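J.: Taking the hints into account, I'd like the entire structure generated from these sequences.
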Amino acid sequence: MSKMITPAQAETLCAWYRKNKRQLPWRDTGDPYDVWLSEIMLQQTRIEAVRDKFITFRKELPDIASLAACDDDRLMRLWEGLGYYSRARNLKKCAQAVMEKHGGKLPDTKEELLKLPGIGPYTAGAIASIAYAKPEPAVDGNVLRILARIAGCRDDIREESTKMNLAEMLDEAYAPDVNASDLTQALMELGQTVCVPNGVPKCDMCPWSSFCSAHLNNETAQIPYRSRLKERKIEQRTLLVIRDGNRFLLHKRSAKGLLAGLYEFYGLNGWLSEKEILKAVSDLGFTPLRIHPLPESKHIFTHLEWHMKAYEIMCEECSVLPDDSFLLAEKKELQFLAVPSAFRTYTDWYSLRD
Numbered sequence: 008m009s010k011m012i013t014p015a016q017a018e019t020l021c022a023w024y025r026k027n028k029r030q031l032p033w034r035d036t037g038d039p040y041d042v043w044l045s046e047i048m049l050q051q052t053r054i055e056a057v058r059d060k061f062i063t064f065r066k067e068l069p070d071i072a073s074l075a076a077c078d079d080d081r082l083m084r085l086w087e088g089l090g091y092y093s094r095a096r097n098l099k100k101c102a103q104a105v106m107e108k109h110g111g112k113l114p115d116t117k118e119e120l121l122k123l124p125g126i127g128p129y130t131a132g133a134i135a136s137i138a139y140a141k142p143e144p145a146v147d148g149n150v151l152r153i154l155a156r157i158a159g160c161r162d163d164i165r166e167e168s169t170k171m172n173l174a175e176m177l178d179e180a181y182a183p184d185v186n187a188s189d190l191t192q193a194l195m196e197l198g199q200t201v202c203v204p205n206g207v208p209k210c211d212m213c214p215w216s217s218f219c220s221a222h223l224n225n226e227t228a229q230i231p232y233r234s235r236l237k238e239r240k241i242e243q244r245t246l247l248v249i250r251d252g253n254r255f256l257l258h259k260r261s262a263k264g265l266l267a268g269l270y271e272f273y274g275l276n277g278w279l280s281e282k283e284i285l286k287a288v289s290d291l292g293f294t295p296l297r298i299h300p301l302p303e304s305k306h307i308f309t310h311l312e313w314h315m316k317a318y319e320i321m322c323e324e325c326s327v328l329p330d331d332s333f334l335l336a337e338k339k340e341l342q343f344l345a346v347p348s349a350f351r352t353y354t355d356w357y358s359l360r361d
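Using my numbering, you'd call the opening residue of the sequence shown number 8 and step up by one each time.
Note that these hints are calculated values from the structure, not bench results. Every value quoted in this text rests on a predicted model; they were computed, and no experiment measured them. Here a beta-carbon is modelled for each residue, glycine too, at the ideal position from N, C-alpha and C. It is possible that part of the hints are untrue.
Label-pair restraints from in silico Cβ distances [unchecked claim]:
#1 H299 with N27: 39 to 47 Å
#2 D211 with K66: 36 to 44 Å
#3 G206 with Y91: 21 to 29 Å
#4 D163 with G264: 26 to 34 Å
#5 E166 with T36: 50 to 58 Å
#6 Q243 with D184: 24 to 32 Å
Here are the simulated lysine-lysine pairs, DSS-like style, with alpha carbons at most 30 Å apart [to be verified]:
#7 K28 with K141
#8 K263 with K122
#9 K237 with K282
#10 K282 with K305
#11 K286 with K209
#12 K209 with K26
#13 K28 with K170
#14 K141 with K108
#15 K10 with K66
#16 K170 with K100
#17 K209 with K28
T.: Written out as structure tokens, the structure reads:
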């Protein structure tokens, strides 16, 4: 890569960061747990969605020991709304490993951090640099976008070779006299607030605009280049909101696969007719009394879309459940169960969340 970020340029960015940084609940606390937790939460998720969830999660699970001992259902409920629930499971596995191997304290080197479950190169670099001021870059999509624009790189940013070449631009930036914690956070801040992923970058506010190739050549709309992902698969689903008086029937999904271990309104593949729905309810062992349609909804996963039609089915009192993956719960009990945001249309419809 033709351009390298010099220590002087890194210090310019750090000075900009110290003057302009936002106040975030995980920032400048001096606790590696906060860095780790926030970085995992922020993966594929906007800061606005994370801020309040972080505060609640941190209050309920104030340290690594409490996270390691947390009941799975309670953990999933605390994570609800952030999506990508495997992140929460890996958090707990990692916390347990930290308790067993490191006395409850996250290690301070990238090499040791990478040995922990659920921690990859980016998160390891973030913890090592932000929490422990080690000269370890944390290169994510935001940082790659900045570096591609600085270098005027038109190579496909999804390619590993491109990512590696761009990351090498920071080799000289993490010099001994540069605050590694500030530099890592400054790069994140610049990518989130100025060199933004969507829309026009705010080049007039950028401390690096004077040597940014994309800005100088009016190419910020073309750089970075990112090849298209495969189109998402669309699945039609029918949701059955089965009720027994004030109780709702919920189904716990299997321990592996999409939304593993989370609670859902019982769903079937395809769009079923009312006759097919009533038969399905009877096959579960319930006696349907009446049925009426609910609003349709759509939920987008990374590689999949659910297009959902839903129906409320009132039944006679349900004394026997089909198996132990089902439960009947009243509204107050549902407050403590993890129902993913894929079903938010229906949790909102019945006011099942505070």
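J.: For each hint, tell me whether it holds in the structure or not.
T.: Taking the hints in turn, this is what the structure says about them:
{"no.": "1", "hint": "H299 with N27: 39 to 47 Å", "verdict": "53 Å, violated"}
{"no.": "2", "hint": "D211 with K66: 36 to 44 Å", "verdict": "39 Å, holds"}
{"no.": "3", "hint": "G206 with Y91: 21 to 29 Å", "verdict": "24 Å, holds"}
{"no.": "4", "hint": "D163 with G264: 26 to 34 Å", "verdict": "30 Å, holds"}
{"no.": "5", "hint": "E166 with T36: 50 to 58 Å", "verdict": "36 Å, violated"}
{"no.": "6", "hint": "Q243 with D184: 24 to 32 Å", "verdict": "59 Å, violated"}
{"no.": "7", "hint": "K28 with K141", "verdict": "20 Å, holds"}
{"no.": "8", "hint": "K263 with K122", "verdict": "23 Å, holds"}
{"no.": "9", "hint": "K237 with K282", "verdict": "36 Å, violated"}
{"no.": "10", "hint": "K282 with K305", "verdict": "23 Å, holds"}
{"no.": "11", "hint": "K286 with K209", "verdict": "58 Å, violated"}
{"no.": "12", "hint": "K209 with K26", "verdict": "17 Å, holds"}
{"no.": "13", "hint": "K28 with K170", "verdict": "26 Å, holds"}
{"no.": "14", "hint": "K141 with K108", "verdict": "21 Å, holds"}
{"no.": "15", "hint": "K10 with K66", "verdict": "44 Å, violated"}
{"no.": "16", "hint": "K170 with K100", "verdict": "29 Å, holds"}
{"no.": "17", "hint": "K209 with K28", "verdict": "15 Å, holds"}
Taken one by one, the earlier hints fail for this structure at numbers 1, 5, 6, 9, 11 and 15, listed in ascending order.
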